[in-house]
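Colleague: Protein sequence lines correspond, in order, to chains A, B and C. Here UniProt numbering is used: position 249 in the first sequence is 249, and no number is missing along the way. Here UniProt numbering is used: position 213 in the second sequence is 213, and no number is missing along the way. Here UniProt numbering is used: position 228 in the third sequence is 228, and no number is missing along the way.
Keep in mind the hints are simulated off the structure, nothing from the lab. None of the values given here were measured: they were computed from a predicted structure. All C-beta atoms, glycine included, are put in the ideal place defined by N, C-alpha and C. Incorrect hints may appear among the rest.
Simulated coverage check for chain C against chain A, where a stretch passes if three residues somewhere in it have a Cβ under 8 Å from a Cβ of chain A [what the hints assert, rightly or not]:
id	segment
1	104-116
2	174-188
3	276-287
4	451-458
Think about it this way: if two alpha-carbon atoms lie no more than 20 Å apart in a straight line, the pair counts; the simulated EDC-like pairs of lysine to aspartate or glutamate are [said to hold, decoys possible]:
id	chain 1	residue 1	chain 2	residue 2
5	C	353	C	73
6	C	399	C	73
7	A	27	B	175
8	C	258	C	55
9	B	112	A	324
10	C	70	B	146
11	B	109	A	157
12	C	506	C	317
13	C	286	A	24
14	B	48	A	158
15	C	386	C	422
16	A	186	A	157
17	C	86	C	55
18	C	188	C	317
19	C	386	C	330
20	A	327	B	75
21	C	215	A	183
22	C	399	B	175
23	C	302	A	324
24	C	280	A	158
25	B	230	C	420
26	A	29	B	110
27	C	487	A	183
28	C	168	C	420
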Amino acid sequence: MESSLTTKRGKALKSVHKHGFLYELKKNKVLFLMMLPALAVILVNNYLPMAGVLIAFKNFKYFGRNFFENFFKSKWVGLENFEFFTATPDAFTITRNTLLYNLAFIVIGLVISVFFAIILNEIKGKYTSKFYQASMFLPYFMSWIVVSYLVFALLSEEQGFVNKSLLPMLGVSADALPTWYGDPGKWPIILTLVNTWKFTGYNCVVYVAAIAGIDQEYYEAATVDGASRFYQIRKITIPLLTPLMVILTLLAVGRVFYSDFGLFFSVTRNVGTLFETIGVIDTYVYNALRNLNDVGMASAAGLYQSLCGFILVLSSNLIVRKIDPDKALF
Amino acid sequence: MKHNENSNTLNTVSPFWNGLFHVIFTLYSLACIIPLLLVIGVSFTDEKTVVTSGYNFIPKVFSLEAYKWVVKSGDAIVRAYGLSIMITIVGTILSVSIIAMFAYVISRKDFKYRNTFSFIVFFTMIFNGGLVPWYMVYTNFLHINDTLLAYIIPSLVNAWYVMIMRTFFQTNVPDSIIESAKIDGAGEFRTFIQIVIPLAKPGLATIALFQTLGFWNDWYLPLMLIENAKLYNLQYILYKTLTAIQYLATASNMTQGTAEILAKLPSETARMAMCVLAIGPIILAYPFFQKYFVKGLTVGAVKG
Amino acid sequence: MQKAKRLIGLILVLCLAVTFVVGCGNDDGASNSTSPSTSTASGSSVAADSSVVLDPVELKWYVIGNGQPKDMDAVLAKVNDYLKPKINATLKLSIFTWGDDFEQKMGAKVASGEEFDITFTSNWALNYLQNAPKGAFVDLTPMLDQYAPQTKALLGDKVIKGASIDGKLFAIPTNKEMAHNWGFLINKDLADKNGIDISTIKKFEDIEPALKIIKEKEPGVEPFQTVVGESAYRILDFEKMVDDNVPGAIYGDGRDTKVINDFDSPEAKTLFTTLHNWFKAGYIRKDADTITDWQANRKAGKVFSAVASLKPGKDGEESVSSGINWVQVDITKPMATTREMTGAMQAISKSSKNPERSLMFLELFNTDPELCNLINYGIEGTHYTKVADTKIEVTQAGKDGYNPGTPWMFGNQFNTYIYDSEKFDSATAKWDQFKAYNESATASPILGFTFNSEPVKTKVAALTGIKKQFMPGLETGKSDPATVLPKFIDKLKAAGLDDVLAEMQKQVDTFSANK
Chain A
1 MESSLTTKRG KALKSVHKHG FLYELKKNKV LFLMMLPALA VILVNNYLPM
51 AGVLIAFKNF KYFGRNFFEN FFKSKWVGLE NFEFFTATPD AFTITRNTLL
101 YNLAFIVIGL VISVFFAIIL NEIKGKYTSK FYQASMFLPY FMSWIVVSYL
151 VFALLSEEQG FVNKSLLPML GVSADALPTW YGDPGKWPII LTLVNTWKFT
201 GYNCVVYVAA IAGIDQEYYE AATVDGASRF YQIRKITIPL LTPLMVILTL
251 LAVGRVFYSD FGLFFSVTRN VGTLFETIGV IDTYVYNALR NLNDVGMASA
301 AGLYQSLCGF ILVLSSNLIV RKIDPDKALF
Chain B
1 MKHNENSNTL NTVSPFWNGL FHVIFTLYSL ACIIPLLLVI GVSFTDEKTV
51 VTSGYNFIPK VFSLEAYKWV VKSGDAIVRA YGLSIMITIV GTILSVSIIA
101 MFAYVISRKD FKYRNTFSFI VFFTMIFNGG LVPWYMVYTN FLHINDTLLA
151 YIIPSLVNAW YVMIMRTFFQ TNVPDSIIES AKIDGAGEFR TFIQIVIPLA
201 KPGLATIALF QTLGFWNDWY LPLMLIENAK LYNLQYILYK TLTAIQYLAT
251 ASNMTQGTAE ILAKLPSETA RMAMCVLAIG PIILAYPFFQ KYFVKGLTVG
301 AVKG
Chain C
1 MQKAKRLIGL ILVLCLAVTF VVGCGNDDGA SNSTSPSTST ASGSSVAADS
51 SVVLDPVELK WYVIGNGQPK DMDAVLAKVN DYLKPKINAT LKLSIFTWGD
101 DFEQKMGAKV ASGEEFDITF TSNWALNYLQ NAPKGAFVDL TPMLDQYAPQ
151 TKALLGDKVI KGASIDGKLF AIPTNKEMAH NWGFLINKDL ADKNGIDIST
201 IKKFEDIEPA LKIIKEKEPG VEPFQTVVGE SAYRILDFEK MVDDNVPGAI
251 YGDGRDTKVI NDFDSPEAKT LFTTLHNWFK AGYIRKDADT ITDWQANRKA
301 GKVFSAVASL KPGKDGEESV SSGINWVQVD ITKPMATTRE MTGAMQAISK
351 SSKNPERSLM FLELFNTDPE LCNLINYGIE GTHYTKVADT KIEVTQAGKD
401 GYNPGTPWMF GNQFNTYIYD SEKFDSATAK WDQFKAYNES ATASPILGFT
451 FNSEPVKTKV AALTGIKKQF MPGLETGKSD PATVLPKFID KLKAAGLDDV
501 LAEMQKQVDT FSANK
């Protein structure tokens, strides 16, 4: 009797839990309807093709006139497609570079864009502020190819502005001129500068908008209490920006194993001698696989980058959740 | 009166800091504008002059050759411009509406499955099935290749922007407002349109700006999904020209017989001309978004 | 976390399910579609009968070039008027743009099994040597006698053998120059101005005194241009097993079939040392390894000499393209290798519903001058006018509306007209020279061999990555071979060089034994 009661209760509990979703669906019909278009798009655009990750474990070949026939007839090869990555003695170098660059980009990007956004908001003069904001955006419009030519026009050892005009003008002798494209040590700084220059304006916009969305009443109240402007920034602006900073950083962490191909390939001109400091996973994959046309190995590379990023972002999300569940991604 | 003065000084930084900020931004703006001026300068310079005497802000020998070469047949470029503008406008409006609706739902603290659905969206940012299955969905399943839909549907939802928008809703729209709207008997959708949207304007303007740039700058979708030359957008025409320049400029003996094409190729200047052509309209659109980023929005004002 | 895991599982299952449903749906299509491919086997009877009745078909054909010309539809209408009575087919030709445009589009079409009939393929775009062994193209060998006997005779055994993979021909090569040799292109004006006697240059090192003169007398001119992708290394003429990026080759003069690491050969070491000395002497520009656009400087007249792939009239062609007077100096002997045979080809896709008709079209294209010139130059009187029997001048309408400019890619180059601006008296004169060049070429001892990288592909990928780190420095003379070369070789070895070389040797030996 006793036991049957508990099972009954258990069942009842379960069924409540089971009907939970349907119940919610009914209760929040409109909310679900509002989600529907976006869900439909990502189902088609992202989730349907996702079965394609299986190609990473296949030796993909062509057998007939149809993709599925090719797919099912292709042999399973386990992790073989991932080997080109472990086969290289450079695996450590490229992983290290990818992570360190991304780390630097995330931190510097965050600090500079938040800083710029805040002081843009403080500047007196509506039009100058708007002008600064608009001009900061300009580098974003220049394609990496154009940027790479600009960098080359600056740094080229034969014709570059720095070596031909600037440094000689400052009295540097011809022998002491730096060989920009021959010295790997300089590139971490050059690439970080170029990346910051290109994206600060873009990243800044989010924070500028977030500040614009802050309720002015907060500041008015603080003013009445006699708080100075810097105190207001510390106690109102920054805390209210924090959720956005956390989210954007978490999202960026998910992509730390990817890098901007244009930056690392075009801007560096893929110069071999710089490999120690410019080699990242994406350019390595490109250099290694370009001539192979291998669908399997290409998806293996992508899957590896995704998985690593996924693990990182799940763990960071967990930490954020522990500290403040409201700021977590999910 | 006194109180007012006091609040004014407290509400702004001191002249010293204000001056310093101006200096910082002036320098930084210059660093951003000067390269663009250089690009414009080079684009109007004669190709040979560029190779022999390098980049200059003011053309030593003025030439429109690069633009003529890029534009080649005028009508194609004009059509592509029109198409790009149309796709950008329609795409942005659709996309921002879809993203905003979704982000709003998952921003609601009283919505039980908000984390599940956040995760569903976030997951797409990390994992993808690779190019081939994606390509097949559009060509074999939806059959929207070679139509204008191919420009729009794949970019409608972007996980990154959904998350940004969610955060904007969370921070800018107090729960209490939604609660009170509910108590007043407003339906969910009406609450969203009449109360939530106005509060989230800066956030909406941000993702609208990003999506405008995204649709405008897109060359990848037409590269994969469009074959009909009448449906090319501007960026794709520029992209094709650019890669062909890159390719022809470096291809060795592989492409025999391309002598005549090479002879006419203004590679250095054409690259810059394309950059200028692509920036033009989008720079004009920027102020439209910018007006939503200025401070001064108060929740109270909306409430009243 | 637990939830997330469950969710991922659910999503994967869902995706698989959907894929299966869609897949099965398409499977019906696949089983239907097997009938045409079985008809390939029994094709003989079909075609024999079909000389009486052929169903109308549309052939989709993709090639690389300058993009779709404006007047393509008009030209295709003419082509179709011509094709209809002959093989009852209509042609839909799409020209994609050089580089990524063609590569990405075709890559997706091939990988997704999208239906189309004919595509351009080669060892440098939509890689024939990679795609054909994976099964992307139809094996034409059993079909040639039936559907393309004249093409078979036209190309001859040497070419067919050279373009085959494991004895199977997967694409029809364009009939054009089928050999290569290496040498210098020298800026004639600069040489004449400085009294340099080009006729004394017989081997690579002979050019050094000339470089010295240029360096002293012509400031601002690059005496010797060697850049990545257009490098002096090619003068060694190794016959590479895979491509320039992967170590492993036999000597190009055909002395034996021993596979060596060509980067580690004594010849390479000597060359790297010479280049390094030239670099130090200032004959090579300091930033040579950063140059991505080497044409620009040539056009500006700022390059004195460079190593180039040669053929008859290469200097003339190059002079047109750069507006500078070039003269060519042949250094190596003409060799016929797989590389030339696979330089420009048309393959029939495995996804084609009409492989027979596609081949019939290619046969017509290769043998009929009218069709070949129509596709190459457009409509006579509209897009070009004849100035002599086989010489033409392109009209303004032709320049704007239809000017593919790639006769080396399409069909049978020996059937095409030549431009009035070319210095040959008639097309025949030009093509006779090409034919003589082809005949003078020595066939490589492993002509027709293609390395199957499948068993070692991950290592090949790793080696490619390493080559791109070290070779740019070495081939531009920037790196000192005394210190860099050993490092390079060690790293290659660490990435499995020896296994790859052994695999290459094994395949070469098998090939030689079966010859």
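Colleague: Next, verify each hint and record whether it holds.
Modeller: Hints versus structure:
1. 104-116: holds (count 6)
2. 174-188: It is violated, with 0 qualifying residues against the three required.
3. 276-287: holds (count 3)
4. 451-458: It holds, with 4 qualifying residues against the three required.
5. 353(C) x 73(C): violated, 23 Å
6. 399(C) x 73(C): holds, 16 Å
7. 27(A) x 175(B): Status holds; Cα separation ~19 Å.
8. 258(C) x 55(C): Violated, at about 52 Å.
9. 112(B) x 324(A): holds, 18 Å
10. 70(C) x 146(B): Holds, at roughly 18 Å.
11. 109(B) x 157(A): Measuring from Cα to Cα gives roughly 58 Å; hence the hint is violated.
12. 506(C) x 317(C): Not satisfied, since the Cα-Cα distance of roughly 41 Å exceeds 20 Å.
13. 286(C) x 24(A): Violated - the C-alpha atoms of residue 24(A) and residue 286(C) are around 70 Å apart, more than 20 Å.
14. 48(B) x 158(A): Roughly 17 Å between the alpha carbons, so the hint for residue 48(B) and residue 158(A) holds.
15. 386(C) x 422(C): holds, 14 Å
16. 186(A) x 157(A): holds, 14 Å
17. 86(C) x 55(C): Roughly 12 Å between the alpha carbons, so the hint for residue 86(C) and residue 55(C) holds.
18. 188(C) x 317(C): holds, 14 Å
19. 386(C) x 330(C): Violated: residue 386(C) and residue 330(C) sit about 34 Å apart, past 20 Å.
20. 327(A) x 75(B): Measuring from Cα to Cα gives roughly 51 Å; hence the hint is violated.
21. 215(C) x 183(A): violated, 26 Å
22. 399(C) x 175(B): violated, 66 Å
23. 302(C) x 324(A): Not satisfied, since the Cα-Cα distance of roughly 64 Å exceeds 20 Å.
24. 280(C) x 158(A): holds, 14 Å
25. 230(B) x 420(C): Roughly 33 Å separates the two Cα atoms, so the pair is violated.
26. 29(A) x 110(B): holds, 14 Å
27. 487(C) x 183(A): Holds: residue 487(C) and residue 183(A) sit about 17 Å apart, inside 20 Å.
28. 168(C) x 420(C): The hint is violated at about 40 Å.
Hints 2, 5, 8, 11, 12, 13, 19, 20, 21, 22, 23, 25 and 28 from the list above are not met by this structure, while the remaining hints are.
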